[in-house]
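Chemist: As a plain string of letters, each chain reads:
Number of protein chains: 4
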Amino acid sequence: MPQPIRTAISGIAGYAGAELARILLAHPQAAPPLLLGRIADEQGPTPLEHLHPNLARKQPLPLIEPFSWQLLAERKIEVVFLALPHEQSHQQAPEYLAHNIKVIDLSGAWRLQNPTNAAVYNLPPNPLQTEAIYGSPELHREKIRTAKLIANPGCYSTSIILALAPLLRAGLVDLAPGIICDSKSGISGAGKTPSPKTHFMYAADNLSAYSVFGHRHTGELLEQLNLLDSQIQFTPHLLPIPRGILSTIYVKLLDPTTPAAVEKHIMDFYASSPLVRVRPAGTLPDIHATVHTSFCDIGFQLAPDGKRLVLVSTLDNLLKGAASQAVQNMNLMYGFKEEEGLA
Amino acid sequence: MPQPIRTAISGIAGYAGAELARILLAHPQAAPPLLLGRIADEQGPTPLEHLHPNLARKQPLPLIEPFSWQLLAERKIEVVFLALPHEQSHQQAPEYLAHNIKVIDLSGAWRLQNPTNAAVYNLPPNPLQTEAIYGSPELHREKIRTAKLIANPGCYSTSIILALAPLLRAGLVDLAPGIICDSKSGISGAGKTPSPKTHFMYAADNLSAYSVFGHRHTGELLEQLNLLDSQIQFTPHLLPIPRGILSTIYVKLLDPTTPAAVEKHIMDFYASSPLVRVRPAGTLPDIHATVHTSFCDIGFQLAPDGKRLVLVSTLDNLLKGAASQAVQNMNLMYGFKEEEGLA
Amino acid sequence: MPQPIRTAISGIAGYAGAELARILLAHPQAAPPLLLGRIADEQGPTPLEHLHPNLARKQPLPLIEPFSWQLLAERKIEVVFLALPHEQSHQQAPEYLAHNIKVIDLSGAWRLQNPTNAAVYNLPPNPLQTEAIYGSPELHREKIRTAKLIANPGCYSTSIILALAPLLRAGLVDLAPGIICDSKSGISGAGKTPSPKTHFMYAADNLSAYSVFGHRHTGELLEQLNLLDSQIQFTPHLLPIPRGILSTIYVKLLDPTTPAAVEKHIMDFYASSPLVRVRPAGTLPDIHATVHTSFCDIGFQLAPDGKRLVLVSTLDNLLKGAASQAVQNMNLMYGFKEEEGLA
Amino acid sequence: MPQPIRTAISGIAGYAGAELARILLAHPQAAPPLLLGRIADEQGPTPLEHLHPNLARKQPLPLIEPFSWQLLAERKIEVVFLALPHEQSHQQAPEYLAHNIKVIDLSGAWRLQNPTNAAVYNLPPNPLQTEAIYGSPELHREKIRTAKLIANPGCYSTSIILALAPLLRAGLVDLAPGIICDSKSGISGAGKTPSPKTHFMYAADNLSAYSVFGHRHTGELLEQLNLLDSQIQFTPHLLPIPRGILSTIYVKLLDPTTPAAVEKHIMDFYASSPLVRVRPAGTLPDIHATVHTSFCDIGFQLAPDGKRLVLVSTLDNLLKGAASQAVQNMNLMYGFKEEEGLA
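Protein chains in written order, with this note's numbering: chain A, 395 to 737; chain B, 395 to 737; chain C, 395 to 737; chain D, 395 to 737.
Only chain A is shown next, with the shape it has when bound in the complex (with noise of 0.2 Å):
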């Protein structure tokens, strides 16, 4: 057997942290992971059952351990998870490389490549930018395998690009009038940090929209798909449930067509990809199909007349949104099967 794979996570607080946790601690090729997080910074190391009171066993966990150079180099990490703001993010992730250590990031820093796009985030220019790769295994699963930097997608982006990519790549959709994506995520998507929209008085038995003509996930809708903002129009919405993200997306083909040829479309460009389940035409995913797995679910209703499309795709946003999708890149990336660990 060989040597199990050495991992950090950095970021350990909050929900795609934990769910990283959790996962590698069962992940058969790998050694449990390095933990680091604030709290150990401030207050030396922690046992992670403290942030993480359900991750408990019987059996000691891994504390959560301060950060130190000398403590990578001791552990001997190859890879590490970087689930933090993308301002931390975008400056540690080379540091990181300088030490030899691969990154998997989980924030928005290395997803965009079009400066206009990125300029969202705010942050200085640095030319590792164009060396990260855009970590959807589904579509860059070559690159990925000898990527140093992984800029782990969006769990929105996620939902509207893989449901969308047979179709668009195909060159089927007819672009002139626009594709709409209604999407909807749980709470979880919103952060940990309690807030007025986070409380349970507001998010409870409520639905919003937000972020319309705004969000920073449409520049990967664009990137991803090669679409010019006008093509492409996404709304997020906070759904009152934990976790989940489900997308209504709304697309014009080109040529009418039925839903066996839709079908067949979709569940051939998907044929060898283990984390994505296309349904029979007609069939809907619900955010329950995916809650709480590693898989995203795409299905589809074509109208009567063989031309307008209403795809559905639902996943959990912490998981292949985020944690489940990081691991499947590091599944990659050391020659493992795709979803090691994530079935």
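Careful: at least some of the hints might be erroneous.
Same chains, same label: a pair holds when it works inside one copy or across any pair of copies.
Said to hold, decoys possible - Taking lysine to aspartate or glutamate and the EDC-like style, the derived pairs with C-alpha atoms no more than 16 Å apart in a straight line are:
1) 537 with 732
2) 452 with 732
3) 701 with 649
4) 658 with 617
5) 701 with 568
6) 542 with 525
7) 701 with 623
8) 658 with 472
9) 452 with 662
10) 452 with 733
Honestly, the hints are just simulated from the structure, not real lab data.
Just so we're clear, the structure is a prediction, and the values are computed from it rather than from any experiment.
For chain A, the structure is supplied; the task is to place chains B, C and D on it using the hints.
Modeler: This is chains B, C and D only, laid out in the frame that chain A set:
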């Protein structure tokens, strides 16, 4: 003080029936309503609080009573609210009219004039069909005043029609690319009968799209907004909340305009409508804003190009989407203030 | 018709303040209340709907205004509702009284007479303490009529005291084994300030016990029910719902009795209390029955041994547990019907 | 490596059946389970994902198959999990045993030895009744290893018995005043059949007590904790969440003690139990801590008097309260690590 109006509610067991009872029991211009329900036909007079404990007071409430024409005559009922399945409403409405009792029907039985649209309800033709008035007070205020048979609008339809009417009636919308209506409704919209879809375990923490390209409310959109089927697309979703609808509506304007102009246009349209609240440009209503109220709230965001417009409307599906709108119609029919008993 | 009463609400930003505004704006015997809030002290007069959009109407609402004694004098304010942290209430109540304005305080500042109990609030002694009347209309109706300073009861306390008072006052309860009060409250009880415990991700799909053997409402139970600390035990829990309290209360009776006798005893006790509904023996209220109402519901189940009794009481923590009870007190103070504006 | 164990699951449609399938499909020591279900008896072999879409993978899952003894023989089934109504379990368990197949029954059919207690299930007497082993691994580990018929404990019972056993077995509890168990369970405990009580509109935002003095799990408490009916009182409540149980348990100790002593006592009791986590004194588990895990968590708070004790235990009713505990029993029966496939 004038004689209080004498009303009856038929179909008291469901959610809309309960809301009608609650509103009419407190209506300043109405006598306590006569309550009719299958439970009383089967078991004899039944206290209302047996079905709806939250309506109980210390003083006895009206009983639910077995239906008889003699009873309606004795009580001198002037108007009946039908909160029944559409098949029953279709059968009973003509009988009430023949007994000189006006009808406000909350089902879909009488909403559609075009036989093709109406076919979704599988009802036999009835000459009354063309005499029914679509009970959208904001659109048909004058006709409602003299109506004998009101077809109270669908809950989804109300949220969409009120958002779109100001722009469509003014001819400002580019119909070529099609209007997209992505609507989300709380579970009460699915009715009181237990089913796999209304089971807490299915509905909670979930979201699902349904009836894509096939929901019965579509016909109301076509007829009331004067659109072709190819010009508007409506997708309902089931939200994990008890009540409330939010519709996200995507339109393109024919000519570029400013947020201020759109705001003024919609505000002017509803200037004398007491139960529609228009938000300032760029401010979107959420579901909380209208739940347990009789209002429909409308907000919008205009793209920087001045042409792509996202409208968001919200309402309580059991109130402005059902019971409150029904009482609003009654108020118009009897010359009361439009919002009497509703604010 | 008599002159409408002139009221003020201080502390309009929180949940109880909003409910007070909603109730008083519609109260038949009250002029629109003067609204006072920190936001106006900081920013000048502010529309109420900026803080509470669901209260908006088409006609302008009263503004929230900056506090000044001159303003209160001009408006001839007779009574003020304090919906403030207890430290502020403790400081402000005497000042209002000195200006000849009656006070109904919704905080815990004035509820406790016994200095040991009151110590949990860390407030300096004040001679007014012993003049405050505990605003439980069902227990102290006569004293409330002439009170100048009302200490509105705690939400948990109300649900427990109303359930236990009939049996305890009649000396029917065996105090030796101790009374157990297991209470569960919706999140609004935890206040509007965002915190880790009120974050949707913590609160949703969860349940937790807290402040075991140490909740501040315990003192009210001891004083109002005339019990020793060893005779009653109160454990609050945080429910994943916006509003509502259910208390499950375990008592042993001194002598075996029948369900009918218990039912008659409690019903007689509340015969002239318009806002307490007593359920028939063996019928238990749930939270739905009282949410968005001003009622406290009480039910019970007696063991076959005729001695072990489980009482269940429910109420809306923001209404009968706060704002409605406060207005009920005002109604008594000014000679209105006790339930005026509350049913 | 030893031969993987060959299991069957009968009753795959419900929530516990689905969790059993999920666990056994990933169990390192088990072959993929044979799935048996009424749907296959009626319609022939049926893909598992038709009933449980969230279990789907890209590779085909085992089909649900029609029951036949021949099929069980061909597959060499060694042990069957019965996730059926108790009447069916009572009938089928002896037949499986007669075919030399061990039985782990998740219903209440075989849990109770005392005929008075067992009478609540209305089942005819069966000599096997006294041979069934109550499948609480923490209490009956040794007997389970050699058992042929396991009565898997009730979900509520598990949460209460595990919390109380350490103190009761050591004779530390004063039984005179009686033990109070106030339990709260998510809706999955009410089963998958749609009913008015499991309708989202009833369950959501609600809480209700039920079966006071009459819940079937009471007998398990009496028998496993060796108590008289007058010594323990159990009240279940329906929580508005999908899964999870929290029990708040009130006991009095015979002699005053310290938190540290109570903590040590409970921790020692469960020192070699991998699926019970004991919290430090004064730290209480919430439902989140155990949902989607196989753990039961126990915490407590001791009153300043050193005698009144509140225990809080939580677990996932579908896992440690059902499917996980069943697999834990299987692990013991076949000599695997107790927590194999469960952590």
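Chemist: Each hint needs a verdict: does it hold in this structure or not?
Modeler: Consistency of the hints with the structure:
1. 537 with 732: within (14 Å within a copy, 43 Å between copies)
2. 452 with 732: Answer is between: at 13 Å across copies they meet the 16 Å cutoff, but 30 Å inside does not.
3. 701 with 649: The answer is within: 6 Å in one copy meets 16 Å, while 26 Å across copies does not.
4. 658 with 617: Result: close neither inside a copy nor across copies, 26 Å intra and 37 Å inter.
5. 701 with 568: Classified as within: same-chain Cα gap 9 Å, cross-chain 19 Å, threshold 16 Å.
6. 542 with 525: within (8 Å within a copy, 62 Å between copies)
7. 701 with 623: between (22 Å within a copy, 13 Å between copies)
8. 658 with 472: neither (40 Å within a copy, 41 Å between copies)
9. 452 with 662: between (45 Å within a copy, 13 Å between copies)
10. 452 with 733: between (28 Å within a copy, 11 Å between copies)
In this structure, the hints that do not hold are numbers 4, 8, in rising order.
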